[in-house]
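There are 2 protein chains.
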Amino acid sequence: MSASMGLLKRTEYCGLLGPQHVGEPVVLMGWVHRRRDHGGLIFIDLRDREGVAQTVFNPEFHPEAHEVAHRMRAEFVVAIRGRVQARPPGTVNTALPSGAIEVVVEEAQILNEAKPPVFPIEEQTDVAEETRLTYRYLDLRRPSMLRNLRLRHKVSQAIRGYLDRHGFVEVETPMLTRSTPEGARDYLVPSRLNPGEFYALPQSPQLFKQLLMVAGMDRYYQIVRCFRDEDLRADRQPEFTQIDMELSFVDREDVLEVTEGLVAALFEAAGKPSLPRPFPRLTYAEAIDRFGLDAPDTRFGMELADLTEMLRGVEAKAFAEPIAQGGAVKGMNVKGCGSFSRTQIDGLVECAKGFGAKGLAWFKVSADGIQSPLAKFLGPTILKRLAERLNGEAGDLLLLIADQPMTAAGALGRLRVKLGRELKLIDESALAVTWVIDFPLLEYNPEQGRWQAMHHPFTSPLDEDLPLLGDDPGKVRAKAYDLVVNGQELGGGSIRIHRRDVQSQMFAALGIGEDEARAKFGFLLEALEYGAPPHGGIAFGLDRIIALLAGATSIRDVIAFPKTQKAQDLMTKAPSSVDSRQLRDLKIKLDLDVKGSP
Amino acid sequence: MSASMGLLKRTEYCGLLGPQHVGEPVVLMGWVHRRRDHGGLIFIDLRDREGVAQTVFNPEFHPEAHEVAHRMRAEFVVAIRGRVQARPPGTVNTALPSGAIEVVVEEAQILNEAKPPVFPIEEQTDVAEETRLTYRYLDLRRPSMLRNLRLRHKVSQAIRGYLDRHGFVEVETPMLTRSTPEGARDYLVPSRLNPGEFYALPQSPQLFKQLLMVAGMDRYYQIVRCFRDEDLRADRQPEFTQIDMELSFVDREDVLEVTEGLVAALFEAAGKPSLPRPFPRLTYAEAIDRFGLDAPDTRFGMELADLTEMLRGVEAKAFAEPIAQGGAVKGMNVKGCGSFSRTQIDGLVECAKGFGAKGLAWFKVSADGIQSPLAKFLGPTILKRLAERLNGEAGDLLLLIADQPMTAAGALGRLRVKLGRELKLIDESALAVTWVIDFPLLEYNPEQGRWQAMHHPFTSPLDEDLPLLGDDPGKVRAKAYDLVVNGQELGGGSIRIHRRDVQSQMFAALGIGEDEARAKFGFLLEALEYGAPPHGGIAFGLDRIIALLAGATSIRDVIAFPKTQKAQDLMTKAPSSVDSRQLRDLKIKLDLDVKGSP
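So the sequences go chain by chain: A and B. According to full-length UniProt numbering, the first sequence holds residues 1 to 598 in order. According to full-length UniProt numbering, the second sequence holds residues 1 to 598 in order.
There could be a bad hint or two in this list.
Stated by the list, open to error - According to the in silico footprint, chain A covers these stretches of chain B (three or more CB under 8 Å from chain A):
no.	region
1	531-543
2	552-562
3	569-583
Stated by the list, open to error - Derived SDA-like pairs: lysine to any residue, alpha-carbon spacing no greater than 25 Å straight-line:
no.	chain 1	residue 1	chain 2	residue 2
4	B	Lys9	A	Phe279
5	A	Lys589	B	Arg150
6	A	Lys154	B	Arg150
7	A	Lys272	B	Gly167
8	A	Lys272	A	Asp427
9	A	Lys154	B	Gly167
10	A	Lys573	B	Gly167
11	B	Lys520	A	Leu570
12	B	Lys9	A	Arg499
Since the hints were made in silico from the structure, they are not lab data. These numbers come from a predicted model, not from an experiment. Here a beta-carbon is modelled for each residue, glycine too, at the ideal position from N, C-alpha and C.
Can you build the whole structure from these sequences, using the hints too?
As C-alpha cells, then:
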C-alpha cells in the first residue's frame with residue numbers, strides 16, 4: 001500500500017481521453033483492467049466509469065513508477081500522473097474512443113489492492129446470475145451494466161424535465177400506508193407505537209394522487225417505488241419503480257396527448273428514432289379480435305380471424321360443440337409453414353394446451369387441396385371458405401382454436417407471438433407503440449360469482465355506457481387506456497370517478513355495500529364529497545421501459561440491486577432472521593407451523 | 001349536476017390571468033373561493049392552484065350562466081367560459097395578481113358539488129392540526145400549503161439539475177433491505193416467501209452507496225425515502241426524505257466544494273440571497289468551546305468562555321468541586337440583562353437544570369460592583385477577573401455553569417440559544433451557514449463501557465490520527481463534517497474507510513470482533529477486498545431544508561401526507577388492524593401481552 005490520498009488530484013476520466021489531449025499532463029484514477037508486459041515496458045489499461053485508457057510504464061525514464069506498476073494486479077485501484085501522447089503508428093486501437101492515445105506514466109500510486117475478481121470484468125459474461133448477484137459490486141463494473149444504470153438515470157431526468165415543463169408538480173406520497181385488501185398482497189410493516197396494527201407498503205400511490213387532485217394540485221407526478229408481495233414470475237420484482245401521473249380538469253384525450261409527448265421525450269433521451277404521433281389506437285375489442293390479447297405485438301401481421309359463424313353447426317364436433325356452448329373459433333394463417341413436420345405440429349398443439357386451450361386444429365394447404373385430420377368432418381365447401389377467409393395459399397399452415405371466446409383468442413394470440421418470434425417475423429429493432437382503449441369496466445369472476453373491476457374501482461365508465469351499469473354491467477366500457485409497446489403493457493391508466501353518486505353505483509355493481517366501501521375507502525369517498533375535480537392519470541413501469549430501451553433481456557439488468565425469484569438479495573442476504581428483542585418490541589411472534597392461504 | 005365534461009376545455013389558470021388578457025375569451029376551471037351577490041350581479045372568486053380570479057355573472061346578458069352561479073356554493077368545482085375585461089375604476093384589488101381584471105361569464109357548469117368545507121380555505125388558519133391532517137385534502141388547498149409543496153418540487157429539481165451537471169448518476173437503491181441492529185430501530189417487513197425472515201426498511205442507503213463506489217459508479221446521488229422507528233420527538237417523522245450523495249477518488253475538500261455548490265444552487269432556487277463561499281468552518285472543538293453545541297447558531301454572538309482555570313481551587317464549592325472532579329466551568333455574558341428579576345433568574349436556573357446541568361450561577365454587574373449569592377465565596381479579585389474575562393459592564397448578567405465539560409458546555413449552549421431567541425438577538429431573515437469538521441471518531445458510552453462510532457463505523461479517521469486508534473481512541477478525529485444552518489444540522493457526511501485493514505482497526509476499537517463484523521457487514525468487508533476506491537459523501541434532510549427555506553415552523557407543513565407523533569396518518573387511518581389471513585400468510589401472530597424493551 002502506498003502513500004495516502006490527497007497527493008494527486010484527478011484531472012480527467014480515462015474513457016474521455018482522446019487525441020485532443022495529446023501533449024497534456026493528466027492525472028487518472030481507476031481500476032487495472034488489463035496488464036501486459038512487453039519488451040521491458042508495462043502496459044496497464046486503466047478503467048473508470050467512462051471507459052479505458054492505455055498507460056505505459058517505462059523503466060528507463062520513470063523507474064519508480066515502473067516499480068509500482070510491477071505490483072499492480074487486475075482490479076487494483078490506482079492513480080497515475082503522466083502525459084498524453086499519440087500511440088505509435090500501427091498500434092492504434094480503433095475499437096476504443098481513447099484508442100489513438102496512451103499515457104506515459106511519470107508517477108503511480110496503488111490506492112487499494114484487490115483480490116482476483118470472482119469473474120472477469122468483461123462486456124459480456126456467461127457467469128451464473130446467482131454469482132453476479134452475490135458479487136453485484138463486481139457485476140456492476142461491467143460496461144454494459146454501468147451503461148444500463150446510466151441510461152436509467154438519463155431517462156429519469158428526461159421524464160422529470162418533460163413533466164416539469166408541462167406543469168406537473170412532483171409530490172412525495174407516503175410509503176407507510178394503510179392496507180387495502182383488494183388487488184395483490186400487501187407487504188405489511190408492524191407498528192411498534194400502535195401495537196397490533198400494521199402499515200402496508202404501497203402497491204401504487206393511486207389514492208394519494210387522487211386526493212392530491214381533490215387538494216387542487218392540478219398536475220402531479222412522481223417516480224416512485226411500489227411493492228407487491230406476489231409469487232414472483234420470471235421478470236417481476238417485489239419492489240419496482242413506477243412513473244406516476246395525475247391531471248385535473250382533463251378528459252381522456254388530454255391524458256393521451258400529454259403522455260405521448262412524455263413517451264416521445266424518453267425515447268428520444270435514449271437515442272431511439274422519433275415516434276410518429278398520434279400513436280395508433282386499438283379498442284380492447286379490436287385488440288382481442290385481431291391479436292387475441294389486450295397487449296398485442298403489432299410488429300408483425302398474422303392476425304387472427306373469427307370463424308365462429310362460418311363453422312357454426314358443422315359436423316366436426318371439435319368446432320360445433322364449443323360454438324353451441326357459446327364459444328368461438330379463432331384462426332390464423334402461418335404463411336409458408338405447410339411443410340411443418342408432424343412433430344412440429346404436435347409441439348404447437350402442446351403449446352396451445354399450455355396456453356389454456358383444449359386443443360388446436362390444423363390444416364395444411366397444398367396445390368392438391370387441404371390436409372387435416374378434420375378435413376373429412378368439414379367437407380370441401382367449408383374447407384374452401386376457410387382457406388379463403390384466412391388467405392390460405394399452397395404451402396400455408398392454418399391453425400384454429402375453438403373454445404370459450406376469451407380462451408380461444410388468448411391461446412391463439414399467444415401462439416401467434418411464439419410463432420412470430422420463432423419464424424423471425426419480428427423486426428427486433430422496431431418499436432411498435434399502440435394505445436389500447438375502451439377496456440371493459442368490469443370482468444366476471446365465476447369463482448366468486450361476482451363482478452370485479454378490471455382496473456380498479458375508481459375507474460370511470462364511459463359516459464354513454466353509464467346507464468348500463470345497473471342492468472348489463474358486462475357491457476360497460478371504461479375510460480381506461482393501456483400503452484402497449486412490442487406486445488408489452490408499459491403503462492396504463494384511466495379517467496377516475498369524481499362524482500360520489502357514480503362511485504356509489506360502481507360499488508353497487510361490484511357488490512360492495514356502502515358500509516363496506518366506507519370501511520375500506522372512507523377517506524376517498526369523503527373527499528369526493530368536498531369538491532373533487534374531474535381527473536385522470538396514468539402510471540408506467542420504469543424498470544420495463546428501461547429494459548426495453550436498453551435492449552436488456554431482464555429487468556434485473558436495469559436495477560442496481562435486484563432480488564431473486566425468492567425475493568432475496570443475495571449480496572446482503574436479505575431477508576434475514578432478526579433479534580427476538582426486535583419482535584418483542586413489535587409485539588409479534590413467529591408462527592411457522594400455521595398454513596398460509598395457497 | 002350539469003352536463004358532462006369535455007364540453008369545455010380550460011385555456012388558462014385563474015391565478016395567471018392579468019391585464020395582458022383583457023379582451024380575450026377564456027375558459028377557467030376551479031373551486032368557488034368566495035361568492036358575493038351585489039346589485040343583482042353574482043361575483044364568484046374562482047380559485048385554482050395558481051391563485052384566484054374574479055368572475056362576474058350578469059342576469060341581464062347571460063341569464064343561464066347566472067342561474068348556474070346562483071346554485072354555486074363554497075368549494076363547488078366549476079367551469080366557466082367568458083371574456084376578460086378590465087375592472088371598473090375603483091374596484092381594482094392590488095393585493096391580487098389578477099386584481100386588475102375580471103371575467104364576464106357567458107357560460108357556466110357545475111362540475112361537482114361540495115359540502116361546506118370543514119374549515120375555511122384561507123392563507124392562515126388556527127384550525128387544530130388534528131383536523132387539518134384528517135382533512136388533509138382540504139388543508140392542502142390553502143395557498144401556503146400548495147406553495148410549500150411547489151417549493152419542495154422546485155428545490156428537488158434544482159438539486160437534480162446541479163448534481164446532473166456535476167456528473168452524479170441517480171441510482172435507486174432497495175427499500176427492502178437487511179436489518180442491521182446498530183443505530184436506531186428498524187422498521188421490519190415480514191417475508192412471506194422466506195418464513196421467519198424479515199426485511200428492514202432503510203435508515204439510509206449508506207452501505208449501498210458505498211457498494212456503488214466499489215462498483216465504479218464514481219458519483220452517485222438519490223433523493224430517497226428513509227425510515228426510523230423512533231419514539232417521535234416534536235419534529236420527527238417515521239419516514240423522511242434524504243438527499244444522498246457519494247463520490248469516489250475524493251478527499252474532504254472535494255466533497256465540501258461540490259456540496260457548497262449544491263447548497264448555493266438550492267438556496268438560489270428558493271429565491272434566497274446568494275451565500276458567500278467558501279462557507280465558514282468550525283472544528284468540533286471550537287464549536288463546543290465557543291457555542292457549547294456541535295450545531296451552533298452563529299446568527300448572533302453571546303459566545304461562551306471557558307473559566308475553568310480561573311476558578312480552579314476557589315472557595316466556592318459550586319465551582320471548585322466539579323473542577324476537581326475533571327469538570328469545567330463555562331460562562332457567558334447576557335448583555336444588558338442585569339435588571340432581570342429574581343423570578344426571571346429562577347426561570348433560567350430551572351431551564352439550565354432542564355438542559356441537564358446541576359445548577360446555574362449568576363452575577364449581576366452594576367456600577368456598585370457584582371451581585372451574586374456566590375460573590376462572598378469568590379472574593380473581589382476573582383469577581384473582577386470574571387467580569388473582565390466576560391466583558392461584563394454595568395447592567396450585564398453573567399451566567400456560569402460548572403459541570404462535566406460536555407454537560408456544562410451543552411447546557412449553557414442551549415441556554416444561549418433560548419436567550420438569543422427571547423431577547424430577539426437573532427435576525428430571523430439571516431441564513432448563517434457553517435461547516436463543523438474534525439468530529440471525534442468515537443464517543444465513550446459509559447453505560448456499555450465501550451467506545452461507539454460518533455457517526456457510523458465506516459467513517460475514516462484523519463490520516464494523522466490513525467496511529468492513536470489503538471491506544472488513545474478518544475483523541476482520534478474523523479474525516480466527518482456536518483453542515484449547520486441557523487443552529488440546525490441540515491446534513492452530514494464523511495470520507496469513508498476504503499482499506500480493509502483500517503476497517504479492521506476500527507472494528508477492534510469498537511470492540512467488535514472479526515466474526516461479529518463479518519456476520520453483520522460481511523458483504524461490505526468483502527467488497528473492500530475487491531478494489532474499493534477512496535470515497536466519501538454526505539446526506540441532507542430534505543424535509544428540514546424545505547421547512548427552513550419555506551419559513552415553515554414544522555416539517556409537517558412541507559410534507560404532503562405527514563404522520564402524527566404517534567406515527568399515524570389521520571386521513572387514511574394508518575396503521576390499522578389487518579385480516580388474520582394476512583398474518584397467517586406471513587406466518588406471524590400478534591403477541592400483545594409481551595413487554596417490549598423500554
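Results for each hint:
{"no.": "1", "hint": "531-543", "in the structure": "holds (count 4)"}
{"no.": "2", "hint": "552-562", "in the structure": "holds (count 3)"}
{"no.": "3", "hint": "569-583", "in the structure": "holds (count 13)"}
{"no.": "4", "hint": "B:Lys9 - A:Phe279", "in the structure": "holds (22 Å)"}
{"no.": "5", "hint": "A:Lys589 - B:Arg150", "in the structure": "violated (43 Å)"}
{"no.": "6", "hint": "A:Lys154 - B:Arg150", "in the structure": "holds (23 Å)"}
{"no.": "7", "hint": "A:Lys272 - B:Gly167", "in the structure": "holds (23 Å)"}
{"no.": "8", "hint": "A:Lys272 - A:Asp427", "in the structure": "holds (15 Å)"}
{"no.": "9", "hint": "A:Lys154 - B:Gly167", "in the structure": "holds (11 Å)"}
{"no.": "10", "hint": "A:Lys573 - B:Gly167", "in the structure": "violated (31 Å)"}
{"no.": "11", "hint": "B:Lys520 - A:Leu570", "in the structure": "holds (14 Å)"}
{"no.": "12", "hint": "B:Lys9 - A:Arg499", "in the structure": "holds (19 Å)"}
The structure does not agree with the numbered hints 5, 10 stated previously, though it agrees with the rest.
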